[in-house]
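A.B. asks: Turn these sequences into a full structure, and let the hints steer you where they fit.
2 protein chains.
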Amino acid sequence: VKQLSSQRVFEGELVYCEHRAQSTGCDMRFSVFLPPGVSAGAPAPVVWWLSGLTCTADNFTGKAGAYRAAAEQGLIIVAPDTSPRGADVPDDEAYDLGQGAGFYLDATEAPWQTNFRMHSYITDELQRLVMAEFPARQDAQGIAGHSMGGHGALTLGLRHPDLYRSISAFAPIVAPARVPWGRKAFSAYLGDDESSWQGHDATALMTAAGDRSGCAPILIDQGQADEFLDEQLKPELFAAACAESGQVLELRHHAGYDHSYFFIATFIDDHIAHHARLLNAAG
Amino acid sequence: VKQLSSQRVFEGELVYCEHRAQSTGCDMRFSVFLPPGVSAGAPAPVVWWLSGLTCTADNFTGKAGAYRAAAEQGLIIVAPDTSPRGADVPDDEAYDLGQGAGFYLDATEAPWQTNFRMHSYITDELQRLVMAEFPARQDAQGIAGHSMGGHGALTLGLRHPDLYRSISAFAPIVAPARVPWGRKAFSAYLGDDESSWQGHDATALMTAAGDRSGCAPILIDQGQADEFLDEQLKPELFAAACAESGQVLELRHHAGYDHSYFFIATFIDDHIAHHARLLNAAG
Numbered sequence: 337v338k339q340l341s342s343q344r345v346f347e348g349e350l351v352y353c354e355h356r357a358q359s360t361g362c363d364m365r366f367s368v369f370l371p372p373g374v375s376a377g378a379p380a381p382v383v384w385w386l387s388g389l390t391c392t393a394d395n396f397t398g399k400a401g402a403y404r405a406a407a408e409q410g411l412i413i414v415a416p417d418t419s420p421r422g423a424d425v426p427d428d429e430a431y432d433l434g435q436g437a438g439f440y441l442d443a444t445e446a447p448w449q450t451n452f453r454m455h456s457y458i459t460d461e462l463q464r465l466v467m468a469e470f471p472a473r474q475d476a477q478g479i480a481g482h483s484m485g486g487h488g489a490l491t492l493g494l495r496h497p498d499l500y501r502s503i504s505a506f507a508p509i510v511a512p513a514r515v516p517w518g519r520k521a522f523s524a525y526l527g528d529d530e531s532s533w534q535g536h537d538a539t540a541l542m543t544a545a546g547d548r549s550g551c552a553p554i555l556i557d558q559g560q561a562d563e564f565l566d567e568q569l570k571p572e573l574f575a576a577a578c579a580e581s582g583q584v585l586e587l588r589h590h591a592g593y594d595h596s597y598f599f600i601a602t603f604i605d606d607h608i609a610h611h612a613r614l615l616n617a618a619g
Numbered sequence: 337v338k339q340l341s342s343q344r345v346f347e348g349e350l351v352y353c354e355h356r357a358q359s360t361g362c363d364m365r366f367s368v369f370l371p372p373g374v375s376a377g378a379p380a381p382v383v384w385w386l387s388g389l390t391c392t393a394d395n396f397t398g399k400a401g402a403y404r405a406a407a408e409q410g411l412i413i414v415a416p417d418t419s420p421r422g423a424d425v426p427d428d429e430a431y432d433l434g435q436g437a438g439f440y441l442d443a444t445e446a447p448w449q450t451n452f453r454m455h456s457y458i459t460d461e462l463q464r465l466v467m468a469e470f471p472a473r474q475d476a477q478g479i480a481g482h483s484m485g486g487h488g489a490l491t492l493g494l495r496h497p498d499l500y501r502s503i504s505a506f507a508p509i510v511a512p513a514r515v516p517w518g519r520k521a522f523s524a525y526l527g528d529d530e531s532s533w534q535g536h537d538a539t540a541l542m543t544a545a546g547d548r549s550g551c552a553p554i555l556i557d558q559g560q561a562d563e564f565l566d567e568q569l570k571p572e573l574f575a576a577a578c579a580e581s582g583q584v585l586e587l588r589h590h591a592g593y594d595h596s597y598f599f600i601a602t603f604i605d606d607h608i609a610h611h612a613r614l615l616n617a618a619g
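Which chain is which? The protein sequence lines are C and L, in order.
One gets the numbering used here by counting positions in the first sequence from 1 and adding 336 to each.
One gets the numbering used here by counting positions in the second sequence from 1 and adding 336 to each.
Read the hints as simulated data drawn from the structure, not as lab findings.
Here the structure is a predicted model, which means the values were calculated and not measured.
Treat the hints with care, since some could be wrong.
Copies of the same chain look alike in the list, so a pair counts if it fits in one copy or across any two.
Heads up, simulated SDA-like pairs for lysine to any residue below, C-alpha to C-alpha not over 20 Å straight-line [as the list claims (entries may be wrong)]:
1) 399 - 566
2) 520 - 563
3) 570 - 469
4) 338 - 359
C.D. replies: Okay, here's the thing in structure tokens:
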């Protein structure tokens, strides 16, 4: 792992790293925020932040305003990139397919299947690397994200309950198999057999989960002025599935807020507190 | 004035505007944050934020994390661009001259003198426009900035004490007439007669100010890992001038912090509180 930079912020440290990833076959960048006081002898819980379409490893670090609360609560935050990158990596001219639009799954279809393996990258390769290189608690990891990254947080969180003890999302794509963004990406990455999509659809996963009444609550914030709400996001579908499975969901609708990082910044402190509460109780 | 966008953030409203500026002879963009509850019948104090080299009207809005505290304290924040812009406006290939590097003065030399009139733009034209278009208190305005914008905040604040009742800066260029960034810009914009530079040099203005022991305190934050500290910033020169003039200066040195917006975000709440305290007592 190559450390690209290290900057002090809120008495903690923001580190940018780059490494050659086996799972995606390219160089990948990510950031790690280390709260003050963390050390090998005093490791901290970790929240994984998954960003949305068109984002890189930079959007969250500069715009979310998360580090004040993370420093106070003693949380590490890891923010990976949203896809493999590079001239040798397949891409598409559209903003919602290819580089910048990995959708946190392992593609099975050409030309994507070699590099577009973000599910393996996030849950396995990068997870192991972060545990080896930083003073992070393996047994206290949570996952959060925005839009496409909210889809990632919900699906990875539901698929790996032993790995992620807390889940939250901002304006997530909760039912990708039923909305244009998801249908386009899943067709390309997973092929036309829609049965293979269900394992990457948070609403389908929740419906198939059985009784989740004993599971940790999930927090979702959604702006009511979000330009993608009606066509792409549809949080009511996930809420209905949670109700069926007994999953406690705190779904908050916020009048006037859009899809931007200004919305995220406004409510990020509540997400940090949600993860801190669950992760400090974990392990 | 054309409103380009309006977004809710921390229960307030961030508005981006564009207008044809007389003073700079081009279209100019700026942002205005309106805290919740402000109205024509209940106008709020205003803090002017001046950004640094290479910045546009966007860096502060997305990265400073200022609106949480501004919403709490009930402050309007106006963030203008750092220079005139456009294909018809003179420019230079260097990052520290021309577009993005207006230095908050009125240029007297060709080819800059027609458009590079940021002093008149900020203190007069945009100031009057904001007072006319937004519920802002004319009698409760403060000024703050970063790096080149810290130079702007200090010099405009010292030159217009009736307009600006509170001053603060992050990592300001306090003695531009004596450091490379300032000497290069002043030579180009003001010509070789260095006597004309003194009115745009915060340290020279402070030295010439006479007794300022009754004036409001000035707050400056400076990172000790700032890569520009020794060559370009030199806060000790301004501190010495303040000591001579009896000006109360709170100059805080922060170990480990660099020149970035992560540094600004870490301490912006203290600046918001500084301005709120002085401006709420003004008028």
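A.B. asks: Now, for every hint given, state plainly whether the structure supports it.
C.D. replies: These are the hints, each one checked on the structure:
In the homo-oligomer, the alpha carbons of residue 399 and residue 566 never lie at most 20 Å apart, since the shortest distance is 25 Å inside one protomer and 29 Å across protomers. For the identical chains of this complex, residue 520 and residue 563 are intra-copy neighbours only, at 19 Å inside a copy versus 46 Å across copies, given an alpha-carbon limit of 20 Å. In this assembly of identical chains, residue 570 and residue 469 lie within 20 Å of each other by CA distance neither inside one copy nor across copies; the values are 38 Å within and 38 Å between. In this assembly of identical chains, residue 338 and residue 359 lie within 20 Å of each other by CA distance solely inside one copy; the values are 17 Å within and 49 Å between copies.
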